[in-house]
Amino acid sequence: MKRDFLTLMDFSSEELKNIISDALRLKEERKNGIFRRYIENKKVALIFEKSSTRTRVSFEVGVVEMGGYPLFLSKNDIQLGRGESVKDTARTLSRYVDMVMIRTFEHSRIEEFAKYASVPVINGLTNEFHPCQVMADIMTIYEKMGKYEKVKLAYVGDGNNMAHSLMLGCAKFGIDISIATPEQYQCLSEVVAKAKEIASETGSIVEITFDPYEAVKNADFIYTDVWASMGFEDEAEERKKVFMKYQVNSDLMAATGKKTYFMHCLPAHLGEEVTEDVFESEFSIVFDEAENRLHAQKAIMKWLFEQFDNNA
1 MKRDFLTLMD
11 FSSEELKNII
21 SDALRLKEER
31 KNGIFRRYIE
41 NKKVALIFEK
51 SSTRTRVSFE
61 VGVVEMGGYP
71 LFLSKNDIQL
81 GRGESVKDTA
91 RTLSRYVDMV
101 MIRTFEHSRI
111 EEFAKYASVP
121 VINGLTNEFH
131 PCQVMADIMT
141 IYEKMGKYEK
151 VKLAYVGDGN
161 NMAHSLMLGC
171 AKFGIDISIA
181 TPEQYQCLSE
191 VVAKAKEIAS
201 ETGSIVEITF
211 DPYEAVKNAD
221 FIYTDVWASM
231 GFEDEAEERK
241 KVFMKYQVNS
251 DLMAATGKKT
261 YFMHCLPAHL
271 GEEVTEDVFE
281 SEFSIVFDEA
291 ENRLHAQKAI
301 MKWLFEQFDN
311 NA
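Going by the UniProt record's numbering, the sequence shown opens with residue 1, and the numbers climb by one from there.
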């Protein structure tokens, strides 16, 4: 039976920790010039209905470094759900390739694609979830802290796909998380409920507030994202007015009362969700996160192929 990587809800804490451990090992091997051909001759289709520098380059490089072949398909190359239905595209591509990564809009599209695909499917981003980014983020947190438990991350900003996936990821790994959003841009209630359910099993804490200063108390990490995500650009000016009190600046960083790292999934809009002095500070680890996209995604692809091959 194939496994898909659509949200972190679909995996146990042990499975996710094993993937991170493998990602750390792959990173060390790469530093030493060791490239093992874990997915020799495997073809991986990379579908981009939304563009992205980090997702495209990290997946293409990752596939090549493990001995596979990446096939990039932009929205101009494939008419997913228009010229051909989602389910027919899934069944067709499954006859050609061994894995599919999709970066798209509504999460229901990737769920439908995965339902009809006979090969593993990876979520490269949807409007609701961004699990690959969060795996890289949690890998980065572990590198800085050497542990998951008794670590706190504060997310400040839009209750979007990053907030959802960070909440689920932190709960799965036993990391405490506090989310501060404007009242009209809260996270989905069903995702909050699921994260709290998972946290009750792993011993972590999930807090929701409208006050950014309340959220960052004692935080080891402060995370933010753009105020108008891809697909919501026409709301940018209105959102700036609402989100300005959620800007990550030196005052908010100092409000943790301790040494705190700054995190961002990139690209960042300096002067909006984060000030340049915080982004460029010695405590900014945004490019460590960006690098870890490569290692985390290699580990995810390797794990999915191992599960698929073992059950084939």
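Misleading hints may appear alongside valid ones.
Heads up, simulated DMTMM-like pairs for lysine to aspartate or glutamate below, C-alpha to C-alpha not over 20 Å straight-line [what the hints assert, rightly or not]:
#, residue 1, residue 2
1, Lys245, Glu282
2, Lys43, Glu28
3, Lys217, Glu149
4, Lys258, Glu111
5, Lys50, Glu207
6, Lys150, Glu201
7, Lys147, Glu276
8, Lys259, Asp234
9, Lys150, Asp77
10, Lys144, Glu28
11, Lys17, Glu233
12, Lys50, Glu280
13, Lys259, Glu235
14, Lys150, Glu235
15, Lys259, Glu197
16, Lys245, Asp211
17, Lys258, Glu280
18, Lys258, Glu149
19, Lys27, Asp10
20, Lys241, Glu197
21, Lys144, Glu235
22, Lys50, Glu15
23, Lys17, Asp277
24, Lys2, Glu14
25, Lys302, Glu60
26, Lys50, Glu149
27, Lys258, Asp211
Using C-beta positions, here's what the derived DEER-type ranges look like [as the list claims (entries may be wrong)]:
#, residue 1, residue 2, range
28, Thr209, Ser21, 30 to 38 Å
29, Val61, Lys150, 33 to 41 Å
30, Tyr69, Lys217, 24 to 32 Å
31, Ile205, Ser85, 25 to 33 Å
32, Thr92, Glu282, 28 to 36 Å
Read the hints as simulated data drawn from the structure, not as lab findings.
Every residue gets a Cβ at the ideal spot worked out from N, C-alpha and C, and that includes glycine.
Comparing the hints with the structure gives:
| no. | hint | in the structure |
| --- | --- | --- |
| 1 | Lys245 x Glu282 | violated, 24 Å |
| 2 | Lys43 x Glu28 | violated, 25 Å |
| 3 | Lys217 x Glu149 | holds, 17 Å |
| 4 | Lys258 x Glu111 | violated, 41 Å |
| 5 | Lys50 x Glu207 | violated, 31 Å |
| 6 | Lys150 x Glu201 | holds, 15 Å |
| 7 | Lys147 x Glu276 | violated, 29 Å |
| 8 | Lys259 x Asp234 | violated, 37 Å |
| 9 | Lys150 x Asp77 | violated, 46 Å |
| 10 | Lys144 x Glu28 | holds, 15 Å |
| 11 | Lys17 x Glu233 | violated, 35 Å |
| 12 | Lys50 x Glu280 | violated, 27 Å |
| 13 | Lys259 x Glu235 | violated, 34 Å |
| 14 | Lys150 x Glu235 | violated, 37 Å |
| 15 | Lys259 x Glu197 | violated, 30 Å |
| 16 | Lys245 x Asp211 | holds, 9 Å |
| 17 | Lys258 x Glu280 | holds, 18 Å |
| 18 | Lys258 x Glu149 | holds, 17 Å |
| 19 | Lys27 x Asp10 | violated, 25 Å |
| 20 | Lys241 x Glu197 | violated, 34 Å |
| 21 | Lys144 x Glu235 | violated, 36 Å |
| 22 | Lys50 x Glu15 | violated, 29 Å |
| 23 | Lys17 x Asp277 | violated, 33 Å |
| 24 | Lys2 x Glu14 | holds, 18 Å |
| 25 | Lys302 x Glu60 | holds, 14 Å |
| 26 | Lys50 x Glu149 | violated, 35 Å |
| 27 | Lys258 x Asp211 | holds, 19 Å |
| 28 | Thr209 x Ser21: 30 to 38 Å | holds, 33 Å |
| 29 | Val61 x Lys150: 33 to 41 Å | holds, 34 Å |
| 30 | Tyr69 x Lys217: 24 to 32 Å | violated, 49 Å |
| 31 | Ile205 x Ser85: 25 to 33 Å | violated, 43 Å |
| 32 | Thr92 x Glu282: 28 to 36 Å | violated, 50 Å |
When held up to the earlier numbered hints, the structure conflicts with 1, 2, 4, 5, 7, 8, 9, 11, 12, 13, 14, 15, 19, 20, 21, 22, 23, 26, 30, 31 and 32 and fits the remainder.
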